[in-house]
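Participant: Counting from 17, one number per residue, gives the positions in the sequence shown under our numbering.
Calculated from the structure, these hints are not laboratory results.
All the given hints hold, so there is nothing to weed out.
In silico lysine-lysine, BS3-like type, Cα no more than 27 Å apart, as pairs:
(1) 226 x 30
(2) 30 x 47
(3) 195 x 345
(4) 226 x 33
Fair warning: this is a prediction, and the values are worked out from it, not measured in the lab.
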Amino acid sequence: MSRKVYVIGVGMTKFEKPGRREGWDYPQMAKESGTNALRDAGIPYDLVEQAYVGYVYGESTSGQRAVYELGLTGIPVVNVNNNCSTGSTALYLAAQAIRGGLAGCTLALGFEKMQPGSLGSTYDDREQPLANHLQALAEISEVLFPPAPWMFGAAGREHMQRYGTTAEHFAKIGYKNHKHSVHNPYSQFREEYSLDDILGSRMIYDPLTKLQCSPTSDGSGAAILASEDFVAEHGLAGQAVEIVGQAMTTDFASTFDGTAKNIIGYDMNVRAARAVYDQSGLGPEDFQVIELHDCFSANELLLYEALGLCAEGEAAKLVDDEQTTYGGKWVVNPSGGLISKGHPLGATGLAQCAELTWQLRGTADRRQVDGVSAALQHNIGLGGAAVVTAYQRAER
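Please construct the entire structure, taking both the sequences and the accompanying hints into account.
Facilitator: Shown next, in the form of structure tokens:
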């Protein structure tokens, strides 16, 4: 029998430009985020029964080295790597252990210590995980390196050609997310830019300018999950947030159907979202706040359609009508999103979880969305994995 899963504590570090904080290596990042999560939960580390630790760039057993900063209790520690969805994959596994009755309290933690500049491969003497995706895209689009802006930019161009979306629509998403991050003390960037600033910044891959692209970042996030019995035993119902739906998908045959949007995971996103809606009994209209994977503004726009916020081809209208910011139907990425908050790959999914937990508790300070009863999270890694999670306050 599937058991209920609750988030009882969250914590994160400020996301920083790589190397900005001297002496801040991944063990220090993990200690900071993990300690914050344990303090938020109000429990000691020795009550945690399993830990799932995510990172993309690091040596084997870096997960153990990271959580050993919190304690040496001999628990199973599982190292997780799933590209940009690593943090939410750790969350998925930690929740699965609770859901399956294998543990009463688990830790999901993610971190990243990154190199400045565009993402590159670590090993050049073997097949690259995205080789098939890049080959498929090369058959329908001009080739550009580094690959990430090319892949998401090509999907943006495809949307423009099919539906008349303009460069300004993508820029408005960058404008929105930078504006949101002004009130986030954990955000790497807290500057507000004008729409002209967004459009006029350096072109990375037309239509994507620099201020519509997520930066490389250092940082960490963590979440403590617990069963219903654990919550009751420790009197944590007042702070608990329930995971009411969660799904992970990987690539389908449709990924390689000759469309740029599916190469960057559109169909994975659609199917993961539908599974979560079926599990939770909630639909897109039931959520007030959403944290989604805006690695590039083009991806956020495509996700409006993949998550069912609007019909296919209608995302630009949501942007024009300001339906995804304060005063609209949803507030998407109140944290500033990856574009402005930053994107330390292993930490991103757990930072999203933290933001939504704060929103559901009503403790998000100046970022707080009015009347939050349900929240939706989306995180994706190419090559590929998409993770979608739905949350509600425990008392509901």
